[in-house]
Amino acid sequence: MSETINGWLFAAGRHPEGGLRFVDRSEAATWFGWGEVRERALAVCGGLRSLGVQPGDRVALIFPTGIEFFEGFFGALLAGAVPVPLYPPVRLGRMSEYLHRTARMLERSGSRLVLADSRVRRILGETIAEARPDLGCRTIGDLPGSAMEPVAVAPADLGLIQFSSGTTVDPKPVALSHRAIAAQVDILNGFWRDTDELRHSCVSWLPLYHDMGLIGCVFPALSRDATLTLLGPELFVARPALWLRALSRHRGTISPAPNFAYSLCVTRVSDAEMEGADLSGWRTALNGAESVAPSVLRAFCDRFARWGFRPEALTPVYGLSEAALAVTFSDLDRPFRGRRFDREGLSRDRVAREAPDGREIVSVGRAVPGFRLRIVDEMGCDLPDGRVGRVWARGPSLMDGYLGDPEATARALRDGWLDTGDLGFLREGELYLTGRAKDVVILRGRNYAPDEIERSVEAVPGVRSGCAVAASWLPEDAPGEVLALFVEASRAATAVEREALPEACREAVLGATGLAVDRVVVLAPGTLPRTSSGKLRRAETLRLYLAEELTAPDPVTPLRLAGAMARSSLAYAKMRFERRGG
Amino acid sequence: MSEAEILAGVAEVARVHLGWEDPLTPDMRLVEDLRLDSIRLLTLAVEVENRFRVRLDELDEGGIETVGDLVATVRRKLGE
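Chains C and Z, in that order, are what the protein sequence lines are.
Using my numbering, you'd call the opening residue of the first sequence number 6 and step up by one each time.
Using my numbering, you'd call the opening residue of the second sequence number 20 and step up by one each time.
It cannot be assumed that every hint is accurate.
Said to hold, decoys possible - Which stretches of chain C does chain Z cover? Using the computed rule of at least three CB atoms under 8 Å from a CB of chain Z, they are:
1. 94–101
2. 519–528
As the list claims (entries may be wrong) - Computed from the model, here is a short list of chain Z residues facing chain C with C-beta under 7 Å:
3. Ile58
4. Val73
5. Thr92
It should be emphasised that the hints constitute simulated quantities derived from the structure, not laboratory data.
We put the beta carbon where it would ideally sit given N, CA and C, even for glycine.
Model the full structure from these sequences, guided by the hints.
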């Protein structure tokens, strides 16, 4: 098999089932065979080259799910350039933040040109003025028409820059070579081998700027000259049934999604929407990118068994963009496995002891072929099975590094091993994840830097400056991750300020980051644990809190359900209106 | 369609799709008061489009901060 994405594109298009199918909001489908995708990409390649794009240049792409994304993406690759997919604006979101963040990502990736959809391009003025890519911002339509030959690429050349995090202070561009991507895709294709009776076909609503959507869905289909059916993420969120109906109608055998998507289907898909649907052909329902909740997996199996969904299809997996994608897969034809472990053992003693009333953790399976795992202590020494430590991974698809950031690269890659920053243990060769060593908040499959959340409450009256910790975790039996903010009240805070702190903090975090905090825990000054050099210890804060050893918090408001959230904030809104009125 | 009718439609969308059971007023801000994160903002945008059969674009949306802004935008789109 070819060792470059370009090689796959040239080889594809021979099989009648090879191509992209886009499903729109009325469920109508548009088809592009891989041969046609290649022709369109060749036209874009000519335009890019005559514009002055050189081999190795980074070309940023900002498109919704659609054929234009692929024209730009493959066009850039054919021109020998490196595509950098970025996300389009969030609907109804805060435009100024989006524009600023996008500018930062253009700078970090050193993008020379931005290709955007005409709708997105209209609003990018500020971003382009800030980042000043020297070839500017263009739509596919305004590229010069010119037939220029594609440029040859080598397996060691960079094939993709993907950003590891969502909203973060310091988004890191993960640089992947063609060879690393090819190695990952080879691993993935090994899990769904085509036979004479069955050619696998993937259905995905995942964004194309996300590793699971691009590397997990697009490349395996292209390299096997197979079908990929795509829906835009916004269609899925607006009407989750469209995902399941597309799987049924287009006979999808593989489809991945983060945990929250399975939860959304359980709560938002009606029986009427599922009428006539048949999910029995769905062989592999991959679940990754955020913590896997056993309660959600069970609820999904129960809910959709009526339409033929097979419990053994649910396949918890683990991976990260620094490894191109997958690091572990659980067995494909076995129902997911959860085991219960003693809580104290996990958090304090760092030992996994099975206990009937303990915390249930779902196995994310074994290292995928070609990958090896180690569990190490803080000093980098190997720990035996059953001991909790940092998860290190080594395999053929690791990143070259973070583009232009040797320091961060040196922290992540050590002697050929990737320090994933996750905590877990091995048991009978299977990996169980218990938390995160690195300070990252993961919500709905996206990573956020905690300091951005913490900084947003700096100016809230009554908060002790520099004394806030943001952390997320997956409570047992909860449908998704919970975001908590721990703040110390300043000694000078008045009773009124103290009272208003939880609401004021929620509002500040929402305003600055767009994230809804589930719990605000107000603490007395000096409660938050710190290192000897005075740095806040986030993981320790969370551990103490969960062990109920953090000094007694003020009344906690677990606002997890939209209804409850809405009611409480309405009370707050009313209070403010009354105040305003008075 | 009057502003009151559009507001009632938006309130219905918020009730059905976002679990917002209480009255909705034009001064409420989508992020701070309704506490909508990016997934819920997206849900609101798409469902409002479906309900009123309009298509909002980024230029319209960048300036929408409150329920009232959303109602006014829908009204303008319906008039186009």
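Consistency of the hints with the structure:
Coverage of a stretch by a chain is defined here by at least three residues with a beta carbon nearer than 8 Å to that chain's beta carbons; for the region 94–101 of chain C and chain Z the count is 7, and the condition holds. With 3 residues having a Cβ less than 8 Å from any Cβ of chain Z, the region 519–528 of chain C passes the three-residue criterion, so the hint holds. Hint status for Ile58(Z) relative to chain C: holds, with the closest Cβ pair at about 6 Å, below 7 Å. Against a cut-off of 7 Å between C-beta atoms, the interface hint on Val73(Z) is violated, since the closest Cβ of chain C lies about 13 Å away.
This hint is violated: Thr92(Z) has a C-beta 10 Å from the nearest C-beta of chain C, more than the 7 Å allowed.
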